[in-house]
Amino acid sequence: MSEQGAIREFLLAFADDEHLMGQQHTEWIGVAPFLEEDLAFSSIGQDELGHAAMLYELVLELDGIEPTDTAVDLLAFGRPSHAYRCCHLVEYVTEDWAEALVRHWIYDAFEEKRWHLVAGSSVPKLAAIAGKALQEEAFHRRHADALLDKLLEAPQARKRILDALEAVAPMVPGLCEAAAGEARAVAEGATAGATADLLEPLVRAIDERFGRSTAAGLTADDPADGQARRTRRSGSFEPLMARMREVLDFDPEAVW
Amino acid sequence: MHVYEVFVKKDGRDEFRHAGALEAANDELAVVLAREAYLRRAEGDRLWVVRRDHVVAAADDFVGPNADKPHRHHDGAAVAARRKASRQSQQ
Amino acid sequence: MARSWATMEDFEAFLDGGGLVEADDAMPDAYRQAVFAFIEMHANSELMGALTERDWIPKTPGLRHKMAVLAKTQDEIGHGHLLYMVAADLGVKTRTQMLEDLFAGRSRFHNVFHYRAVTWGDQVAIAFLVDAAALISQQAVFKNCSYGPYKRILRRIIAEEGFHMRLGEDRMMRIAEGTARQRQMFQESLDRWFWPALQLFGPDSKPDDMLLRWHIKSERNEALRDRWVQRFVPMLQGYGFTVPAPGLRWDDEARRWDVGPIDWAPLRRTLAQGGPDSARRIGEAADNWRRTAWVRTALSDGNGS
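Chains as they are written, first to last, in my numbering: chain G, 1 to 256; chain C, 1001 to 1091; chain U, 2001 to 2305.
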């Protein structure tokens, strides 16, 4: 894989994660547990979609394509499934707010580390995006922690959250799985380290946060190689993408 | 849940202003939730939240009498009249 | 209690003199009930509006477009939040009671949010026509509203509605400049939503409307409706769409548009029995409310409420 191709692949995985995570968070608009939370969670989802848009623009620039909204949308919504590089954790569709919250905490704990890896990237635009994203991450982390601090104190809520952790934990290794070509991206200085190296500190952080060992759950039923370097989609992906594409498919010539 | 009063201020502009209220379980959640409830478009860059039951309020009839202290609002009418008269006599 | 009035005449003289009532004033109970009911209905309408839009958000065509649409619907939730907080301070119902009444189908909200958005064109039509109608109503309330806490949050609500109007018109403009399929879709949406949006203002105000007398509203329904017609009929035509009013005519003498007779039967039916989509939407909202009750319970524990 060429240097360009490797960095592109690395960025696509990053962007697709952000896109799908933003999508999942924003599905709670109007139906979050209380109104203040509705506002906060929607903002976090909007932030993630914004990161996705900036990363897709960067991918387009590397491809030598002008990053117009239409070009971004073609990249974001117009690829065949196998060309997406998101992890299964962000594809996972849930109507359980405990799962949504636990995933939000885990994803942002991971994200903060991932953004730090590219804060000094040899790709100047990526470093700039990281600067903006890290400021926003501070809010995401504080939001998830403030809720968990309070909810984990209440026995019934604690049980729901730990059950949610059990459901979500098997998808954590996949989050830390790199797309092909990442080693090349590291060598070129696009990112400061391997995504896979984030797994161990992430699991430690999860154990500390939730007060239990999650290591056993990690290898349960969705081992990282099930994603095949993020080229394999989970069952949730197709229906979700079809829903997201409904209006775009209505008239492929249209500009909205 | 507690009701919190939310105050915001834009740097260099005005005093802290009361923006509204929200419900939160504790101070930390109140601060976190207030940001997206009241400052989504950077309507302020400083934020205070105060539990409503911690606000010390004075009764209106305690504050009220100070509305009737004309000696503290000297209107300078006599001086103004003299200045006006002197301007007119110079014309 | 901060202020009180010996008689209703005294209170009305205070209102007529431009007085602003505050939450802790000893206002006459009839006024309290009227202002509460008005704000509660406004709050419910904001929330039901957000739930109407919610169905289509995941399908928004475009990533940055979706962010803009999310920010708009988030504002509607935010308006609901501001309004429920202000309504709760009147001491008639708590915020939880208001939401539970809404989800139990016991509360009123604007007619338009009883309908379903069946295409993306509907989403744009709502953002444009319905938000405009709401904005015209709110501006009129803001201008001369006697209830201080409501007037103050309306300033913020109206500012945000301005963003929504611009977003709505921008999206309609793209459709107007777009493909034949897009224009056809939007024309069909216009056919569905023009009349419900126009009826958001309600039938002509009654001569003894207490909301007007107490300066909760400052203009008659028919005046607001006419303002909307004069503004939007030419605008829709300017974008090349047909206004679905068979009796529409330009009155050259009065220099104004006349939409012809208004059939109020659908509005009355909707308000009496619910509209075509009320049961589904309220049912879903009620299910969600129940499913997330554990969060609210856990957050309330140990705080005495």
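I should point out that these hints are in silico values taken from the structure, not numbers from a laboratory. Don't be surprised by glycine CBs; every beta carbon is placed ideally from N, CA and C. A few of these clues could be false.
What the hints assert, rightly or not - No farther apart than 25 Å at their CA atoms in a straight line, the calculated lysine-lysine pairs in the BS3-like style are these:
id : chain 1 : residue 1 : chain 2 : residue 2
1  : U       : Lys2093   : U       : Lys2151
2  : U       : Lys2072   : U       : Lys2059
3  : G       : Lys132    : C       : Lys1010
4  : C       : Lys1084   : G       : Lys132
5  : U       : Lys2072   : C       : Lys1009
To be verified - Examples of chain C residues lying across from chain G (beta carbon under 8 Å, computed):
id : residue
6  : Asn1026
7  : Glu1028
8  : Arg1046
Structure-based check of all given hints:
no. : hint                    : verdict
1   : Lys2093/U <-> Lys2151/U : 20 Å, holds
2   : Lys2072/U <-> Lys2059/U : 15 Å, holds
3   : Lys132/G <-> Lys1010/C  : 21 Å, holds
4   : Lys1084/C <-> Lys132/G  : 60 Å, violated
5   : Lys2072/U <-> Lys1009/C : 24 Å, holds
6   : Asn1026                 : 6 Å, holds
7   : Glu1028                 : 5 Å, holds
8   : Arg1046                 : 16 Å, violated
In summary, the structure is inconsistent with hints 4, 8 from the numbered list given earlier, while agreeing with the others.
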